[in-house]
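Asks: Listed below are the residues making up each chain.
There are 4 protein chains.
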Amino acid sequence: MKYSFQNDYSEGAHPKLLEALRQAGSKQNAAYGNDMHCKHAADLLRKEIGREDVDVHFLEGGTQVNLTALTAFLRPHEAAIAAETGHIAGHESGSIEATGHKVCTTPGVNGKLTPEGILRVLAEHPDEHMVKPKLAYLSNSSECGTVYSKAELAALNRCCRENGLYLYMDGARLGSALCASDLTMQDIGALTDAFYVGGTKNGALLGEALVICNDALKPDFRYILKQRGGMLAKGLVLGAQFEALFEDGLYYKLAEHANRMADLLREGLRAVDCAFFSDSPTNQIFPILSDSLIETLAQDYAFETWGRVDAEHQAIRLVTSWATPEEAVREFVQDLHRLCAK
Amino acid sequence: MKYSFQNDYSEGAHPKLLEALRQAGSKQNAAYGNDMHCKHAADLLRKEIGREDVDVHFLEGGTQVNLTALTAFLRPHEAAIAAETGHIAGHESGSIEATGHKVCTTPGVNGKLTPEGILRVLAEHPDEHMVKPKLAYLSNSSECGTVYSKAELAALNRCCRENGLYLYMDGARLGSALCASDLTMQDIGALTDAFYVGGTKNGALLGEALVICNDALKPDFRYILKQRGGMLAKGLVLGAQFEALFEDGLYYKLAEHANRMADLLREGLRAVDCAFFSDSPTNQIFPILSDSLIETLAQDYAFETWGRVDAEHQAIRLVTSWATPEEAVREFVQDLHRLCAK
Amino acid sequence: MKYSFQNDYSEGAHPKLLEALRQAGSKQNAAYGNDMHCKHAADLLRKEIGREDVDVHFLEGGTQVNLTALTAFLRPHEAAIAAETGHIAGHESGSIEATGHKVCTTPGVNGKLTPEGILRVLAEHPDEHMVKPKLAYLSNSSECGTVYSKAELAALNRCCRENGLYLYMDGARLGSALCASDLTMQDIGALTDAFYVGGTKNGALLGEALVICNDALKPDFRYILKQRGGMLAKGLVLGAQFEALFEDGLYYKLAEHANRMADLLREGLRAVDCAFFSDSPTNQIFPILSDSLIETLAQDYAFETWGRVDAEHQAIRLVTSWATPEEAVREFVQDLHRLCAK
Amino acid sequence: MKYSFQNDYSEGAHPKLLEALRQAGSKQNAAYGNDMHCKHAADLLRKEIGREDVDVHFLEGGTQVNLTALTAFLRPHEAAIAAETGHIAGHESGSIEATGHKVCTTPGVNGKLTPEGILRVLAEHPDEHMVKPKLAYLSNSSECGTVYSKAELAALNRCCRENGLYLYMDGARLGSALCASDLTMQDIGALTDAFYVGGTKNGALLGEALVICNDALKPDFRYILKQRGGMLAKGLVLGAQFEALFEDGLYYKLAEHANRMADLLREGLRAVDCAFFSDSPTNQIFPILSDSLIETLAQDYAFETWGRVDAEHQAIRLVTSWATPEEAVREFVQDLHRLCAK
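Residue numbers (my numbering), protein chains in the order written: chain Z, 1 to 342; chain B, 1001 to 1342; chain H, 2001 to 2342; chain C, 3001 to 3342.
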């Protein structure tokens, strides 16, 4: 095996985060996220977002954030709206349903939720014999690698406001999305009711920062965080890593690297006239390759097959990360070109 | 502030674990606990337990383990039995109830669950108008610092077998308990249906190892682990730490240190005729001190007050850990003796 | 078997209710509780309560009302407070926990919740590591047959207001309670946030009327009613019966009869110097009798044994109802007197 | 308003059931479904099914049966498979999700679940990052009025057996389905793991009979019945009605009447060349009419509009029942013909 492009969580943490963990851990600190590192990291995020009034909570992983947030935000009969490809709809083992809430799906456009999709779900749920859709869920970047522009997010915000819905952004891969679009952390703080900033897939051992912008969603969140198992005893493990990520822009540097590695892959693939399953500008790309080519590549590289396109072609998923070495990418491209030249 | 005896999770991880994390994280590995470190750590635990046939899963923290395990083990109408002081009964924010299950409490003896206590709960639940108690929960060491002897655990095992109950041990502080009793990891593997080996409170950044001994409780656990948010993307974060803890007995060495520090505190307290709220041989001790002495000590040391004993005395809780320096303990004892000599 | 005093739900419905059902059912009506009978019955209850602004919903049975109401009223981390003898605490098969909420118990006084009991629970739940008590649950009459005076309910109301709690009354046997105390339906409407008027145990085939007084608890209740299975397709089955119960005071007449039958039993028991387990003025009484007397009585009468008092005595429960014939009561008293005279 | 074809639960109960209720209720009986009427009714159903070994439980309504059964049958990570039009998928307010389980939908054929649909869902759920489909849900008659033939049910049974799934039939309108197909109660008892026989929509005030055929699904069902609010104190209310329905075939007679009334409607509609949205042989029919005709008919008749077919036509739903008078149907057909003749 030369290299794995299977996902962006195959390695541990960036060395700066490990060093931050070592230093933070060498002193006694308050527990359960009340330590100075969590406080400082939250302040850094508030500065980044440009709002003093948001609440910030640190959790271990994306499924944990999604299920805890939706549990806290929704009454029992309220439901989430997600694109059919949305992570909570299909890839979190029914975690939202396990908290009692239905996820109503709607076709996405390039893996993205649209105002039209939201309105369609609302039209299908007119009364108390159905659940009451109350929260629109989107992932940025999406499960297809696509990103939301500022205009798209503003349109979703408007649609949600007009229909009494909360707008929630899953930011498992937010770094990569922000570095590939016109959207900023400030925009997201202004346009969503809550969102999370993913650490696990951008340099951390583990850790996601949930940001609650809407005052109505803030009360008693720590009760539910504890109740659902998301409150780490040693909260500094999360706080110290987010400090390191946001002290001097490391978060963006790591995401830019991942995107640049994906750019190299994209260029290499385009050079052999490869088509793509989705138009992704981020660190997940979905080239469509022949079965035989996939089989040969799979001898040296790990990646997921995403779906069959026709009798002889499938889309695969290649994922780069902050840790992907440029040489691995160049070697993959060379191998690809060599194979295609035959 | 000279030192905090507030809990055993104020510091980060033992240096060997940080180094293990650094090394493990520098290579690409499988995700979601399928990496070689989790596999190796599980093997080390199986060896320690003396059983090849147990399932081992790594999770982030104690509340997460308890709620995930009980969700997986119980049908909707089944309930847990715990001592009134049991952690799931009062200190996990209703996490078990949030999964739908009642926790039936019974008075403990020195904070410990007894066969008599179990039988009392069973007698109170005769039919379908009540929940059906199905699992006996105990913490070792208990919330009062006390430990279960091998004979006590065998008696609980017998009681559970005779009444169709599962026996589950919360091992958040298992290291300290094992180093202060005649019980071994093998005994626990033989006498319980499931238990967990706590890492967070014994040298790890985070992490607990759930061991499922009873075949009936094994199927599909990973589905529920994922569903409840307990499956880390970078599973190696847990696996690598447990490897380091169990490769050469570090787990016991760290617990022994914590216990020895508690011994020094106990001796120092006994030297000034201090009484104790519970007879704890482990790293949590509960001396009963006068209000004025507590007030003075609190100027230099952090600790929890546990409960009022009479108009002028309270029990406090002093906790030591793998990281507690002997000097901090000696200084506390000196300060105590000086204050009592006045 | 001469007669069963086992409970107040051994018979069907009062003939007037059956006739009301027959008449109502002979015409087409709106479904799901939107029929004219439910509307009229709700109006009759509003008049009885003296408030135009309360919401009224009809459900099938007491456990269904309690679980649906608490699901609708509480956020996931919020808990109910109940006396240890409270019905939701022990006799509804964990139905409240099954909706995710803990029931915090506190010792009652004569089976009744007190402000002191509430404050005790609040003191034990200071922070987010415990559940947040949010609703005080009481049954009137209580599970011990005792009743709340207007002053007692006012004191509970004050305690709840001062501590941000909802006050909820389980009125499975409200008719009997109202006919045995100074409390009125208007008082309850003024002093609770929600309560229910029990039909099943006072003349109906089935049916309870939930009254929501607090505006904050009203939104979207019908969604949750439907979601938890409590919304009958043929809502008129409930509405027509409550119309018959409240059109001309039948509800109180039936309860008065039950109470008067219990009075006859009480008198007959006191005549043989019988002591009572609780001081009940309602249709459930708890005489303490010798084991041998109980054994003999059990040959001709059905009743529950409630608990052992000493080596030779137990409390039993005798329940009368709207349907209990005076002759059955007189025969029981005669048999008792005859047996005691031996 | 001349007549309502809006649903089959606009009226009360058939007179024989009311009389059975009156007689049963005049004597004291055991509570909670342990009365002689429930026992006898269960025996009548066992005889009808031709199996002595099935468990029978009586519940109030369809949503209550579905949520209680699926709660009892499924582990937390297991999901139901339903056609997109399945009642649990869209019309029970998220009741299944509220018990923690996802409903996986698949396109139906004429509103019916197919083996292909099941296999498609299974293929989409390969591992622990998704829920585990475990139960196939179907309604007979379906929400589109269509019915399953014996061959179709046998094929579904085979598919479920081969894939480790339970097969569950929602029989809210089972009477109408059985009277319009080659399927018998015995077939259903042999081919499903559990099903329910609907009473509410076929002559009862309320009441459904859940039949559990698979031994693995039987244990402790009454605990969960009580816990979810489905256990009526006066169980005889359900038992007595089912006795009356199955003592001498009344259940089938009532369903045949409903079907015959639907036949008259179908004939009348076909006579004016009306097309239908689905090919229903049961008591729900879905004619496609012009907007103007619908508007005119709606002045005298109540019915639901089901969905728009083109710019000028919609499908409506006409439902007949055991109580529908033939004159009402004939008048509707005359009015229709008169309007179409203009």
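Hints listed in this document are in silico derivations from the structure and should not be mistaken for laboratory results. Where is the CB? At the ideal position from N, CA and C, for every residue including glycine. A couple of the hints might just be wrong.
Using 30 angstroms as the maximum straight-line C-alpha spacing, the simulated DSS-like pairs for lysine-lysine come out as follows [to be verified]:
1) K3002/C - K3342/C
2) K3002/C - K3150/C
3) K47/Z - K342/Z
4) K2218/H - K218/Z
5) K27/Z - K16/Z
6) K1218/B - K1047/B
7) K1047/B - K27/Z
8) K1253/B - K1002/B
9) K3039/C - K2253/H
10) K3016/C - K2039/H
11) K2016/H - K3016/C
12) K2047/H - K2016/H
13) K342/Z - K16/Z
14) K253/Z - K1039/B
15) K3047/C - K2002/H
16) K16/Z - K1039/B
17) K2027/H - K3016/C
18) K1047/B - K16/Z
19) K1218/B - K27/Z
20) K3039/C - K2039/H
21) K2016/H - K3342/C
22) K3016/C - K3047/C
23) K2027/H - K3047/C
A few chain C residues that don't get close to chain H, going by computed Cβ distances all over 12 angstroms [said to hold, decoys possible]:
24) L3021
25) K3027
26) D3035
27) N3157
28) A3190
29) L3250
Asks: Does N3157/C really sit off the interface, with its C-beta more than 12 angstroms from all C-beta atoms of chain H?
Replies: Correct as stated: the minimum Cβ-Cβ distance to chain H is 27 angstroms, above 12 angstroms.
Asks: Does K1047/B pair with K16/Z here, judged by a C-alpha cut-off of 30 angstroms?
Replies: Violated. K1047/B to K16/Z sits at ~35 angstroms, over the 30 angstroms cutoff.
Asks: For L3250/C, which was marked as not at the interface, is the minimum beta-carbon distance to chain H over 12 angstroms?
Replies: Its Cβ never comes within 12 angstroms of chain H, the nearest being 16 angstroms, so this holds.
Asks: Given the hinted pair K2047/H and K2016/H, is their alpha-carbon gap at most 30 angstroms?
Replies: 21 angstroms, holds
Asks: Against chain H, does D3035/C keep a CB gap of more than 12 angstroms to every residue?
Replies: 9 angstroms, violated
Asks: Hey, K47/Z versus K342/Z, does the alpha-carbon distance stay inside 30 angstroms?
Replies: 54 angstroms, violated
Asks: If you draw a straight line from the CA of K3047/C to the CA of K2002/H, is it 30 angstroms or shorter?
Replies: Status violated; Cα separation ~34 angstroms.
Asks: Taken at face value, is the distance from the CA of K1002/B to the CA of K1253/B at most 30 angstroms?
Replies: 25 angstroms, holds
Asks: Are the Cα positions of K253/Z and K1039/B separated by 30 angstroms at most?
Replies: 33 angstroms, violated
Asks: Can the restraint linking K2027/H and K3016/C be considered satisfied, given a maximum Cα separation of 30 angstroms?
Replies: 17 angstroms, holds
Asks: Verify that the Cβ of L3021/C lies farther than 12 angstroms from every Cβ atom of chain H, and report whether the claim holds or is violated.
Replies: L3021/C is in fact no farther than 12 angstroms from some Cβ atom of chain H, at 6 angstroms.
Asks: Are the Cα atoms of K27/Z and K16/Z separated by 30 angstroms or less?
Replies: 18 angstroms, holds
Violated hints, in rising order: 2, 3, 7, 9, 13, 14, 15, 18, 19, 20, 21, 23, 24, 25, 26; the structure is consistent with all others.
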